[in-house]
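Residue numbers (the numbering used here), protein chains in the order written: chain H, 894 to 1206; chain X, 9 to 343; chain P, 119 to 446.
Calculated from the structure, these hints are not laboratory results. Some hints could be false.
[Unchecked claim] Covered by chain H, according to a simulated footprint, are these stretches of chain P (three or more residues, beta-carbon under 8 Å): (1) 274 to 286; (2) 290 to 296; (3) 353 to 364; (4) 404 to 416; (5) 431 to 441.
All figures in this text were calculated on a predicted structure; none of them were measured in a lab. Virtual Cβ for every residue (Gly too), placed ideally from N, Cα, C.
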Amino acid sequence: MTIVTSAPPPQVPGAEAQVPLGPTSDAIPGPLRFVGRALRTLWSNGKARVGLVIIALNILVAVFAPLIARHSPTATDFAPYSSPSATNWFGTTGNGQDVFSQMVYGARISLLVGLGAGALATLVAVAIGLVAGYRPGPIDEVLSFITNLALVIPALPLMIILAAYLQGRSVWTIVLVVAFTSWATGARVIRSQASTLRNRDYVTSAVFSGERLFRIVFREILPNMTSLVAASFFAAATAAIMAEASLEFLGLGNPSTVSWGTILYFAEQQNALLSGQWVLVFAPGLAIALLAVSFTLVNFGVDALSNPRLREK
Amino acid sequence: MALLEARGVNVAYTPARGVRIWSVRDVDVTLEQGEFVGLVGESGCGKTTLGFALTRMLRPPAHLESGTISFDGVDISTLDGEELRRQRRNGFALVLQSGMNALNPVRTVEHHFGDIFNAHAREGEKYLGAAGRTRGAELLDMVRLDAEVLSRYPHELSGGMRQRVAIALALALEPRFIVFDEPTTALDVIVQGAIMQTIKDLQHDKGFTAVIISHDLGVVLEATSRVMVMYAGRIIEDQPSTDLARGAHHPYTEALLNCYADPRADEVRIEGIPGNPPDLSLAMAGCPYEPRCPLAVEICKETDPPLAPLGRGRAACHVRAPAARAVAAEAPGAR
Amino acid sequence: MRYLRRKVLLFLVTLWAALTLNFALPRLMPGSPVDAALAKIASTGVPVTNAERAAIEIQLGAPHGSVISQYWDYLTNLLHLNFGTSFSFPTETVAQTIGKALPWTLVLVGTTTIFAFIIGTLLGVYAGWRRGKTADSTITVGATFLAAFPPFWLGLLAIYWLSYTLGWFPLKGGYSAGLTPNLSPSFLADAFNHSVLPALTLAITTLSGWVFGMRNNMINTLGEDYVTFAEANGLRPRTVALLYAARNALLPNVTAFGLSLGAIVGGSVLVEGVFSYPGLGNLLYIAVSNHDFPLMQALFLVITMSMLLAIFVVDLLYVRLDPRVRQQ
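Looking at chain H on its own, in the form it has when it is part of the complex (with noise of 0.2 Å):
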């Protein structure tokens, strides 16, 4: 797993970069207006636009990958180890498997994994920063120990030994894995913009208006760190993306389901390189390469939305 911190949200001190919204006065916008108005603003940035369409692509396959395969991925019907033919767009694997449509399956494993361990990895981050950054005192020292905790801790050793013990063999014990270790940057971020938050006028005076905890939380603080959240969103999503790789790579996940990770796997179990069979290795990489790319991508936009100075001119 490599750093994919790209333009990564502010670090403490920089948690000024956050253009305030100031207090929200009626409801909290509907959340489809909120999401329309968000995809406008991303759309706007070039990178992020490159990103957004390669997301979209990649969801376009993989929902209608039945259509789009030629063969069923497991299907072992043809010649083992031949090169790319007419029959065959991507060559057969060791095994006799159409490779091109083990591509396109594999998608959806790729996206489900990130999507969903980010958003799990994401959720954890925003219970345990918010938490923590409101509340000042003893449950935020746990709660920050515990977070410096896990981030020192070396998240793909961890997963492994996880993945490991576990032997699930489920793509959703993946997506338990990287999500549990992977929660830990976000957490801190969030944190420290909360603790920001806390103190600004407009929160203040709704402390002394008398609202309650819960709406103060969700309807002064959290609107304000949409962008804060969406980026840690996306960059969890491409970390995810590449340990769940990792993790197929090194053969702890499910051989049985397909998934770019797992045609690594296969091929460097049968040297597929050494047999001359470079497509088996370049197209899954450059696959999973270019979705993990694609959401750092989206989040250079989300990046330029909450810091005027990162900006594109």
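Given chain H, put chains X and P in place with the hints provided.
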């Protein structure tokens, strides 16, 4: 020859998305050597932008859209890079508003001085070690700081001390023109007085032309000999300070003075100015102050008043300083 | 100095927490790892002494004895570096196996990290300084792509094109087969030759983190008043960029160093695996393939502790860089 002559200065902020804002509109400024001038106005009137423009410190998205700025006969409005840097040695400096943040947190005061000396050293001149320290101590002494401050880091100094160090640094190259941007705004009242006194004394001793930018009319009237009042990007009054204090001329200046109250008076009356400043992204026909002016007449809506003689200075007001008088006087600025 | 005392305390407490986590992990996992490990050993037919069996049980979860006494034995064993035996390398103790691999990883990860940090930081400074211009866009976009390449994929491609097809570098291993590790110049040259590709792969994939972090810090720092003031005083652009902007922008990056180290270590696992480079990462790869839990546990512990130590050292270094923490 005047030390600084600016003609037709127009500065606009052009953000990547959104409207262009004209924050300085067609301003002419003439400053003689040794003048002590105040530049006042409310937030957003363009005074800081003008100060930065005159010292060529504008940064994107702000640009000098048109106009010439001539310093000691040299047109600096078109200079850039190394040329501009050398001209700074020639004598104009800027002291920033937040003296607190004007110093590099990881370098000592001594190194700050050293950096400036070395940046402008001519052939054969080198301010290393002892020579640099001596010179630094001299400068610190001018701002009433002890030489031992040299070895300190910025975070070890108080806000007032940091502001003084910033002033000392600006003096390092013996500039002939210094713009002080809100030098006392972030400091408490007592320290304010001390700093202003220091600046006054320095100006008196060294004879540099000083421009104090402030929104605090009281502070400026106290220290300066001439005051320019800005509104909506224009200079609307330009008077000797004593005259201004004794009854202003432009309705806006009058209203500004009324905003201040004497804390020791028995009865304190504070009046605000109703209304809002105009939208600077729009072109303006007529006087910018007209919507809020109690003296406004028809012509105020149609024509922008030029600066016309009023008392010992000038004001831009159709009512108080009719333009007819301007024809005879030397009218600055071309349209 | 309060800062230092706080950092030492933090280090010790985090160390303890990591050790305890390592102790708790196998005991919390479903499907008792200790039984699996012992069964595996039994199946390989390798004889296990009672002492070794006890060591494995302490590591992974003994069926009897209270948790407290196990914990105590666990800590004692750690102090004596007694991790038991692994069945992947039955002829030596786990401690010995790790001991042989440790130097390789230290050298690889150590030099690559320093290299990537320096290059990444310099690129980031340049990109931030020339923000908005072509240099910035090239560096940013380039770094984004580099960050997305899975390290193992890059490694595989490098092996294919540079080693297999072009024959410029050896295919795998830390040194040529048949040689025994020693400190002779010829061996060191051979080892160096074998380390180029893994190091390059690791460096390329971890570079981008520094680039982005530094670039953003630069952009924020360049907006600071002291930079504007320095320019107003006519300092040379290079002085401003390096001594005023970059020097300050560096600070958050150093703080973030520790966090990024985790990613580098993770990357090294994959890279070493692909290249069969005889370091800790490769050992982990082997251990995972063999379900060798004792070895995995021990590796995890060693890796975590090395990281904590490195972070601690960097924290100490920070005092030299930022005068503001010195007088606390």
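Status of the hints after comparison with the structure:
Check result for the segment 274 to 286 of chain P against chain H: holds, 5 residues qualifying (beta carbon to beta carbon below 8 Å, three or more required). Only when three residues or more bring their CB closer than 8 Å to a CB of chain H does the claim for the segment 290 to 296 of chain P stand; here the count is 0, and the claim is violated. With 0 residues bearing a CB less than 8 Å from a CB of chain H, the segment 353 to 364 of chain P misses the requirement of three and the coverage assertion fails. Note: the segment 404 to 416 of chain P has 6 residues with beta-carbon separation from chain H under 8 Å; the three-residue rule is met and the coverage holds.
Counting residues of the segment 431 to 441 of chain P whose CB lies closer than 8 Å to any CB of chain H gives 0, so the stated coverage by that chain is violated, three being the minimum.
Of the numbered hints stated above, those contradicted by the structure are hints 2, 3 and 5, listed in ascending order.
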